[in-house]
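As they're listed, the protein sequences go chains A and B.
Just so we're aligned, residue 1014 is where the first sequence starts under this note's numbering, counting upward by one.
Just so we're aligned, residue 3 is where the second sequence starts under this note's numbering, counting upward by one.
Note that these hints are calculated values from the structure, not bench results.
Treat the hints with care, since some could be wrong.
Stated by the list, open to error - Distance ranges between label pairs, derived from CB positions: (1) A/Arg1401 - B/Asp72: 43 to 51 angstroms; (2) B/Phe19 - A/Ser1111: 46 to 54 angstroms; (3) B/Asp25 - A/Met1014: 43 to 51 angstroms; (4) B/Thr280 - A/Glu1212: 39 to 47 angstroms; (5) B/Asp72 - A/Pro1083: 41 to 49 angstroms; (6) A/Phe1270 - B/Arg222: 54 to 62 angstroms; (7) B/Asp72 - A/Gly1366: 33 to 41 angstroms.
Just so you know, even glycine gets a beta-carbon here, dropped at the ideal spot from N, CA and C.
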Amino acid sequence: MKRLILDHYRRWWRVLALGAALEFGLGFTIAANPEIAFEFWAFLLALWTGATLLSFDLKNGALRALAPLPLTSRQIGRGWWLATVPIPAMVLAVLLFSGAAALCHIDSSRVFPAERLGMASFFNLVWLGISFTLIFNATRGFSGNLWGLIGNSFINILTITAFFGSMAFATNASKSPLKSAILLGLGAVLTAIGWLRAEQFELGRAGIYLGRAGQIDMGRPDRSGIHLTPLKTKTQPCHHVAPRSYGGIPFLLSSTFVSTFLNLAAMVALMALIWRWQDLTLSRSPNMVMELVPVGSFMCGWFIIFFRFMPLLRQLRFLRTLPVSATRLAFVMLAIVLLPLIAVGALVAGVAGLFMGTVEALTVLNSFALVLAQAAPCVFFAVWRGDRKEVYALLLLTQVGFLLGSMYLQMLFHYPEHSLHLIGPIMGICLPSAFLLTRRVILHSSRAYRVQANACGNLLWGAGR
Amino acid sequence: MNNAIEIRGLVKRYPRFQLGPLDLTVPRGAIYGLIGPNGAGKTTAIDMVFGMGRNDAGQIHVLGLDHRADEIALKQHAAYVGSDLNFQVWGKVGRAIRFVRGFYRGWDDACCAALMQAFHLSDSDRIATLSFGARTKLSLLLALARRPEVLILDEPTTGLDAVSKQQVFTELLKAVEDGERTVLISSHGLSDIERFADHVGMIKNGKLLLEGRMDEVVDRFRFVEFFSTNGTEFQNRAGLIILRRTENRWHALLDQKSDAQNWLQTQGAQQISLTRLTLEDLFVALAREEEVA
């Protein structure tokens, strides 16, 4: 188990070292600017030092490689839990406090924000625990019995709610201590569930990470001994009805649009409910619109790129063999990401316009326009480099860079919020250039199409010649 | 136009590898086996046909259509099958069929239904739960049901069991039985290629080593065993590849179209005996050439 933990750190040390340095810097910055809320960045750092890294390993077939090693399933689960939840939580806490202590040591007039740092460390632990539960819950499989399916789905819904809730409440936890305590309690319960999942981990049930969605039948010893029996042939009836409705690119766009739009709409509704529960009702203060809407639109962009577009990118090789021009394919790649964002932006702006007024609706539209501008280059990067670890880092940097860059420009030009004067030119540059670059990559790059099956039978990028 | 695929002077450069200059000709109606060691450039050559990366030089024509200028028309007539294709985003087999069917006016629903029966696939099957072999069959189904004139398969039988492999080749043979369809198949299964293909091309380090009708290619080369008592040190030369030596006894690969056999006799080789070889023997001998040299 110790080797498993050390192996995890050895393979991810660059990411973890970067995260550690940033966490130290975050502690320093919190002490330097006590009036600014930095908890969102703490959330991002916790996300990228915990089970997210494990999810890459699982996707790349780590479980298949570990299965034949002399380790029990329980040891694997426990080792991963320790490596991605308590150990990083402790290290992050130490770094956060050290960063703040460093500033206070340099400038003795500063007040050491112990309470705030302590709260941030608690939230870090909860985020790490929740993300482990969310990722590891998938190892239980979803095609077992009905109760298992319901239980797993319920845990997933709780996990997502706790994720968004704790992210929202972390910023001003002291203002609503009871609700924050409830969310932290829920996070603690989910962390404990993650531990239990790790303790009860069964390799045979982790079909999704072993190459099958269902449970793998590991066989049972036959008490009566071994008998030679004829192999059962597959007698499954083959059912096929020739589809009468449209297919092709319109089918791809419509099916991805509907599912992505529904997911985004549900996410926005969940965030709105959490903010409502937090008493951050948008109508109470126009400033609240400016604070909350960018976070919501950013999360939409995040979700669509990481959870919708990246999995679809693995179909690019197949799509390129179909009679579709590179221009059309580049358009499709962008449309898959941009259309649902436009639709959700329009929906939220419509709701804001109806209940709050035109100004707030425009704020929403501007904010979503900025997300469109940042999503377009993300599409290009992903198509250019494929589904690799470094691409995830590049996408993250692009999204965070856009957020910080737009805030900087906002301050520079003294705009109270993201205005069309600022976002219009950014969109004008980003969307056409992303389209042209994506088209060029589709035409010229070989890397974009290199896929190979991993040990799980899933597809990885970067095959040989 | 007698050739289905014509590749002339194809070059693709990578930092550590160069494909070509490659010339390759696949006659119409042929089953052409493209063989070569790992990393030889087979997949790169096939990728170039479908525009997956841009070639640095050379031309590719499929049924007379230029792979760049007539990209869409080419893809209407040519289909690709590979074990590396991923259909999971469509969730179920029926949805993947619906998606692909939308691109082809000549989609054959009856053929699709027959192939589903043959491959034991159903519309409602979840793609994520399909075995590796079943996914390859789905890939083949999606390619065959559109009735392509040219079918290009990249390692389609890798990872398939014997039964699935036979099913795949049965359907392939059915597809080309009218003599109008052409199949280019890249594979490591040399015995399968020897059995099913009528033409073969061998590629190594990005270059085409040999190409021609299967029977001619296999018949052209022989294992040669000879003895040398005069101390001559035989080296590789045109038409002769030395494979191994045990004291005075030499083993080599001999091209019967060259004058290598006469040359051996002039150099004092004795008891020269020639043995027929299989495609696999030929492949191994040619692939090992550099190591031995």
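Comparing the hints with the structure gives:
1. A/Arg1401 - B/Asp72: 43 to 51 angstroms: violated, 33 angstroms
2. B/Phe19 - A/Ser1111: 46 to 54 angstroms: holds, 48 angstroms
3. B/Asp25 - A/Met1014: 43 to 51 angstroms: Violated, at about 57 angstroms.
4. B/Thr280 - A/Glu1212: 39 to 47 angstroms: Distance hint for B/Thr280, A/Glu1212 is violated at roughly 56 angstroms.
5. B/Asp72 - A/Pro1083: 41 to 49 angstroms: violated, 58 angstroms
6. A/Phe1270 - B/Arg222: 54 to 62 angstroms: holds, 58 angstroms
7. B/Asp72 - A/Gly1366: 33 to 41 angstroms: violated, 49 angstroms
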